[in-house]
Every structure is written in C-alpha cells, then in structure tokens.
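**Q** Can you build the whole structure from these sequences, using the hints too?
There are 2 protein chains.
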Amino acid sequence: MSRFQARAFEQTLTGYRNVTTEALLASIPTHGPPHLYDLVSAYPRRRGKGIRAALCLATCRAFGGTDAQALNSAVAVELFHNGFLIHDDVQDESIARRGGSTLHRKHGPGIAVNVGNATNLLAMRRILENRTIVGLERTAWIVEETERMMRQTLEGQALELAWIHDNVCALEPTDYLRMCLKKTSWYSFIYPMRIGATIAGAAPAAHDFCQFGWYVGAAFQIQDDILNLVGDYARYRKEIRGDLLEGKRTLMLIRLLSACTRAERRDVQRYLGAPRHERTPAEADWLFELMLRYDTIDFARRSARQLAGAALVEALKALRHVPDSPAKQFILDMVMYVVSRDR
Amino acid sequence: MSRFQARAFEQTLTGYRNVTTEALLASIPTHGPPHLYDLVSAYPRRRGKGIRAALCLATCRAFGGTDAQALNSAVAVELFHNGFLIHDDVQDESIARRGGSTLHRKHGPGIAVNVGNATNLLAMRRILENRTIVGLERTAWIVEETERMMRQTLEGQALELAWIHDNVCALEPTDYLRMCLKKTSWYSFIYPMRIGATIAGAAPAAHDFCQFGWYVGAAFQIQDDILNLVGDYARYRKEIRGDLLEGKRTLMLIRLLSACTRAERRDVQRYLGAPRHERTPAEADWLFELMLRYDTIDFARRSARQLAGAALVEALKALRHVPDSPAKQFILDMVMYVVSRDR
Numbered sequence: 005m006s007r008f009q010a011r012a013f014e015q016t017l018t019g020y021r022n023v024t025t026e027a028l029l030a031s032i033p034t035h036g037p038p039h040l041y042d043l044v045s046a047y048p049r050r051r052g053k054g055i056r057a058a059l060c061l062a063t064c065r066a067f068g069g070t071d072a073q074a075l076n077s078a079v080a081v082e083l084f085h086n087g088f089l090i091h092d093d094v095q096d097e098s099i100a101r102r103g104g105s106t107l108h109r110k111h112g113p114g115i116a117v118n119v120g121n122a123t124n125l126l127a128m129r130r131i132l133e134n135r136t137i138v139g140l141e142r143t144a145w146i147v148e149e150t151e152r153m154m155r156q157t158l159e160g161q162a163l164e165l166a167w168i169h170d171n172v173c174a175l176e177p178t179d180y181l182r183m184c185l186k187k188t189s190w191y192s193f194i195y196p197m198r199i200g201a202t203i204a205g206a207a208p209a210a211h212d213f214c215q216f217g218w219y220v221g222a223a224f225q226i227q228d229d230i231l232n233l234v235g236d237y238a239r240y241r242k243e244i245r246g247d248l249l250e251g252k253r254t255l256m257l258i259r260l261l262s263a264c265t266r267a268e269r270r271d272v273q274r275y276l277g278a279p280r281h282e283r284t285p286a287e288a289d290w291l292f293e294l295m296l297r298y299d300t301i302d303f304a305r306r307s308a309r310q311l312a313g314a315a316l317v318e319a320l321k322a323l324r325h326v327p328d329s330p331a332k333q334f335i336l337d338m339v340m341y342v343v344s345r346d347r
Numbered sequence: 005m006s007r008f009q010a011r012a013f014e015q016t017l018t019g020y021r022n023v024t025t026e027a028l029l030a031s032i033p034t035h036g037p038p039h040l041y042d043l044v045s046a047y048p049r050r051r052g053k054g055i056r057a058a059l060c061l062a063t064c065r066a067f068g069g070t071d072a073q074a075l076n077s078a079v080a081v082e083l084f085h086n087g088f089l090i091h092d093d094v095q096d097e098s099i100a101r102r103g104g105s106t107l108h109r110k111h112g113p114g115i116a117v118n119v120g121n122a123t124n125l126l127a128m129r130r131i132l133e134n135r136t137i138v139g140l141e142r143t144a145w146i147v148e149e150t151e152r153m154m155r156q157t158l159e160g161q162a163l164e165l166a167w168i169h170d171n172v173c174a175l176e177p178t179d180y181l182r183m184c185l186k187k188t189s190w191y192s193f194i195y196p197m198r199i200g201a202t203i204a205g206a207a208p209a210a211h212d213f214c215q216f217g218w219y220v221g222a223a224f225q226i227q228d229d230i231l232n233l234v235g236d237y238a239r240y241r242k243e244i245r246g247d248l249l250e251g252k253r254t255l256m257l258i259r260l261l262s263a264c265t266r267a268e269r270r271d272v273q274r275y276l277g278a279p280r281h282e283r284t285p286a287e288a289d290w291l292f293e294l295m296l297r298y299d300t301i302d303f304a305r306r307s308a309r310q311l312a313g314a315a316l317v318e319a320l321k322a323l324r325h326v327p328d329s330p331a332k333q334f335i336l337d338m339v340m341y342v343v344s345r346d347r
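Chains R and F, in that order, give the protein sequences.
Position one of the first sequence corresponds to residue 5 (our numbering), numbered consecutively onward.
Position one of the second sequence corresponds to residue 5 (our numbering), numbered consecutively onward.
Treat the hints loosely; a few may be bogus.
Since the list gives no way to pick out one identical chain from another, each pair is judged satisfied if it fits inside one copy or across any two copies.
Pairs of lysine to any residue residues, derived as SDA-like cross-links and limited to a Cα-Cα distance of at most 25 Å, are as follows [as the list claims (entries may be wrong)]:
#1 K321 <-> H39
#2 K110 <-> E282
#3 K242 <-> E26
#4 K110 <-> N171
#5 K110 <-> E141
#6 K110 <-> T70
#7 K110 <-> K252
#8 K110 <-> L89
#9 K53 <-> V272
#10 K110 <-> Q273
#11 K110 <-> H281
#12 K242 <-> L336
#13 K110 <-> R283
#14 K321 <-> P208
#15 K110 <-> P279
#16 K252 <-> P38
#17 K332 <-> S262
#18 K252 <-> G112
#19 K252 <-> G36
#20 K332 <-> A204
#21 K332 <-> R347
Derived from the structure by calculation, the hints contain no laboratory data.
The structure displayed is predicted, hence computed values, not measured ones.
**A** Spelled out as structure tokens, the structure:
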C-alpha cells in the first residue's frame, strides 16, 4: 500500500471513527461518583485509530446491514478496547497513551482499575441493548461471543504477563503467534467482524473470520511492536521503546534471542530478569542496537507482510459470497493498511 | 444473638459454604496460561464465610426451589465476590486476606488485575449457564440484574476511592450508608437474594429485597470495619487496623471527625491527606486512640444494631408470603449474625 493509498484509507477510517466516537461519548453516563464515568471518556477523547469499530460497521454494511443496526455494537467494541487498554497500561506500567499520560499515572492504579472495569461494563451494557435491534435469541448469541472474546483476551494477556513474570526466553515465533491470536486478534479483528455480520442478519454459522482475523491481527501486532521501536512519537503517541523497558516478548526479541551469541543471550536474559524499575534507558538502547545488528526488525517486517498475504487469502475466502461494495473493499484494504501504517 | 446461637448459625453456614466451594473449585478450568485460572482458586481455597452464596441457596429454597437449581448462581455470586476482593485489595494496597498474603503482594498487581478479571468472567460464564436451568427469558433477566449489580458495586467502589483520593472529610453517616448500599449491600445481599428467588420460579416483580438488603449490608459493613479495628487476626484474617493505614472512611472515622476538637480534626485531616506509604503504624495507633476516646466504636456498634433491627422489619415484609422453613429462618438469623460475628 503506497503512502497515498494509506492516507486515502485513513480518511475512510476517520469517517467510521467519528460516527462511533460521537455515539460512544453520548452513551457515557453524565452523573455518578467522581473519577469514574468522567474518566471513561479520557482515552476515547484522545482519538485512537478506531479500526475495531470501523471493522464492525463495515462488516455489517458488507453483509447488507446498516450503520443504525451496528452502531451499538461498534461502540461496545471500541469501549472494550479502551477498557483493555486501561488495564493493560496498569499491568505494563506504561507511561504514555495516545499522546497523554496513562490513566494510572494521572489518577493512581486504584482508580484506573475501576475505570477499566466501568468501561468494560458500559460495553456490556451496549451489547445487551442489542435486544431491541436483533431480538433476544441473537443477542444471546452475541453475549456468548462476547464472553468468549473476553476469555481469549484475558488468556492472551495472561500469557504475555507470565512470560515477563517468569522471564521466559525459550520462545518460538509460533508461541508469539498463538499469543497474538488471543491477546490481539480475537477482540480487535475476529470479534468485531463476527458481530458485524451477525447484526446484519447473517446466520452465525454462515461466517467465520477466525483465520482471517488471526493473521491480520498478528500482522497488526507485529507492526505495532515495530512502531514502538522505530516509530515517530508524534504519530504513534505511545512512549517509543517502552516495550524494551517493559521486557515485552516481541517477535524482534524472540528473533534476537535465537540469533545472537550465547554470551549476548546471557546478557539479554539478565536484563529481562531484572525488575522493570531497575532497567535503565542506556540498557534499552543497548538492546535496541543488538536488535538492529541482527536485522530483527527486517525479519519482523517480512513476517508481518507474509501474514498480511495469508490474511488476504483468508479474507477473500471469508467474503467469497459477499457482493462487492465499498465496505467489502474497506475490509480488504485493512489488511495492507495494518502493515503500512505509521501510527 | 448469643455466642452459642452464632456458632449454631455458623455450622449451617458452613454446610452451605462447603456445597458452593466444592462446585466453585470444580468449575475453574484446569488448563490455560500460567498464573491465571490456578490463581482464581487461591482466595476461594482460603475459605471465606460464604454468606453470599448461602443467601442465594437459602432464598431459592425458601421460595420452593432446590439447591440443584441455585448452585450455579451461588457459585457465580461467590466468584464475583472473590473477583471484587482481588481488585479491591490492589486498589486499597491491602496486605493480608483470609490469613494469607493478598494476591498482588504475592504475584504483582499486573497478574492480580488479570486474575480478578478472569474470576469475574468465570462468574459471568456461570450466569449464562442458567439458560439450561431456567430458560432464555429468565436468564436474560438475571444477566440484566448482574449488570446492574456490577454497576452498583463499581460506583460504590468509586465513591470510596474518590473520598480517599480527594481527602474528603466532610461526610455524614448518610453518605456512608449510601456508599454501603452500592459497595457492599447490592452484591452481597440484594443480588444473591433476588437471583435465588428468581431461580426458584418467583416472578421478578413478586420480590424486592432492596431495603432489607441495604440495611443488613450496611450493618455487615459496619461490623466489618469494627472487626478491622478491634478484631482477632486469627479469626478475622485481614490485617488488623489496615483500614487506618488505608485512610478508609469508616463510620468510626466519620463520627470522629464530627466529634473531635478543631485542632484534632486538623491533625486527622493532615494524616489522611498523606500518601499511604507515608502513614506510620505509630500514627495509626494515635488515630485509633482518638477513636476510642470519642467512643466512636460504641457509636458504630449502636448504629449497626439499629440497622439490623430495621433490616429485620424489612426482612419480615419481604418474606411475608413465604411459608416458614429452615431456609427462611436462616435468612432471618443472618440479620443478627452479621452484627454478632467475630470473623
């Protein structure tokens, strides 16, 4: 995808996002205890890319539904994303998110945990509201899908936390892909598309999106990890190289551990075994230089592009009975966008 | 309630609890990523009192239902309780729970937040399983009730966190009661009874439990706060006087702030305004002495007993059409138990 195509795609994306953000902000209670619902809107106001809600809306359109049917679910998808981010930032002790301080740095971890819970609960509220749109039976199916998505996400998050906690270093790229499926792909790609199609009236058995969503989600995550290393803060809006200080098991790190010398591997393992607050920026720079020396970023870029290719094949399979439309094209374009993006 | 009666009540309670704990532990997945489901069972294995699940089972029995119908929901109630405790301990930076280290002290706050989420999600899984027991329509009602309960609990938790965060000192006993309704009464008393009656087949409109649950829950919370000050660790199993170090707005503290001299009030406010890690045990002892000097514990004890009396009146109203049975008697006995208990 050329830079020009990426910008055109982003314009369509922004259109989808604005519809969702407006509805999302309007759905947040205006009364309640201090430091709760007012903070639920903090991350959404900072405007993410909105790809998850856009996928939900576009899939609904592609399957013959309307935005009016899907908006409620698109808001839920985006709320879940924000709820997960809040907890994720607490768990990773992250510093910046979307160009501002993370919620727990501003208001303390206690309030941040609560606001994350409230965000997820408001998402669930939106999911339950589907009853008036698609009836009880189909809403029950969507609730089951929601529970499944949350379980996958939690397990993926647990896997990543356990790798850091236990200082696991014997990891293969396939371990990373399995983690991506659970931590990223399910809630960011598989779930929004499955809900979008169902809301439009497609029978749950008539669509899948699991392979497609897995691959595109993994490509997305790899690109995210690359941007964390070499991105531009003004566009990426998270702390650059924060992953190195967090000890995150990225594809670059996994590649490095298998490519470097035994002595270097021992040093990297020692660095990763230290508590986060003992890791210095100078050490993170050293790890970054090692990653560059062993071409791990190029390796990751190639992997992301291969995954995008595989995702495209699966996308065409998943959408083979869906007539061509701008919405369908948007879903297909998403694949190359996730590996071309610089934000 | 005499000590003898309390022990007899606790024996019945233990019977209910053992049924629930066994089913609860059997419902936790045995596979999955490390430090997730294995830790979900950590707090339940330490054996709480189990009053919430017992209320759910007893209410179902009292309304003519069976344990087989209610067990699933009783497990959910107890799981939600444990999930809330895990997050609550992170938020309050608590040290001990049920005679052991809190989860976040043992495994770090990142893993603890995730395990809390997993516990709540497993609870929601149990709630959804009710579909095979009471059908889709009634399960949808229970899901709505669950969402409402979680919202109340979050808002109550937010209120308490905000009072500490903003160092709010101008509080009346009515503020405390409102916080109890949301933080404690709803999920511990109102919700278990409402679900129990509904599972037994009572139409949702035919039972209420809101007043009854509010009052008994507030009495329970006051007693809990008293035990935190003057309890026996061997029975109470949380760190004694931890609330003083946490700056918790208990009824004793609210009473003290309105009864003490202006100079003392200024000192107390200064103490409460410091970050938790700057408060010393010696200062907590000083605050405790002040609370004793102004008879705040006696004041709280009287308030708890008055609330228990009001709860009993409401209990008899709520259960007036329910025939006498051991289960009904258990619910009524619960009222005096919550203010007599030493654990």
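**Q** Work down the list of hints and note, for each, if the structure agrees.
**A** Hints versus structure:
1. K321 <-> H39: neither (46 Å within a copy, 37 Å between copies)
2. K110 <-> E282: Cα proximity of K110 and E282: in one copy and across copies (22 Å, 19 Å).
3. K242 <-> E26: within (24 Å within a copy, 45 Å between copies)
4. K110 <-> N171: between (29 Å within a copy, 16 Å between copies)
5. K110 <-> E141: Neither, since 42 Å and 43 Å both go past 25 Å.
6. K110 <-> T70: Answer is neither; intra-copy 39 Å and inter-copy 49 Å both fail.
7. K110 <-> K252: This pair counts as both: shortest intra-copy Cα distance 23 Å, inter-copy 21 Å.
8. K110 <-> L89: both (15 Å within a copy, 24 Å between copies)
9. K53 <-> V272: neither (34 Å within a copy, 47 Å between copies)
10. K110 <-> Q273: between (32 Å within a copy, 23 Å between copies)
11. K110 <-> H281: Answer is both; intra-copy 18 Å and inter-copy 18 Å each pass.
12. K242 <-> L336: neither (27 Å within a copy, 55 Å between copies)
13. K110 <-> R283: For K110 and R283, the Cα distance is within 25 Å both inside one copy (22 Å) and across copies (22 Å).
14. K321 <-> P208: within (16 Å within a copy, 47 Å between copies)
15. K110 <-> P279: Both, since 22 Å and 15 Å are each at most 25 Å.
16. K252 <-> P38: between (34 Å within a copy, 17 Å between copies)
17. K332 <-> S262: Classified as neither: same-chain Cα gap 40 Å, cross-chain 66 Å, threshold 25 Å.
18. K252 <-> G112: both (23 Å within a copy, 16 Å between copies)
19. K252 <-> G36: The answer is between: 20 Å across copies meets 25 Å, while 37 Å in one copy does not.
20. K332 <-> A204: within (14 Å within a copy, 48 Å between copies)
21. K332 <-> R347: within (23 Å within a copy, 61 Å between copies)
When held up to the earlier numbered hints, the structure conflicts with 1, 5, 6, 9, 12 and 17 and fits the remainder.
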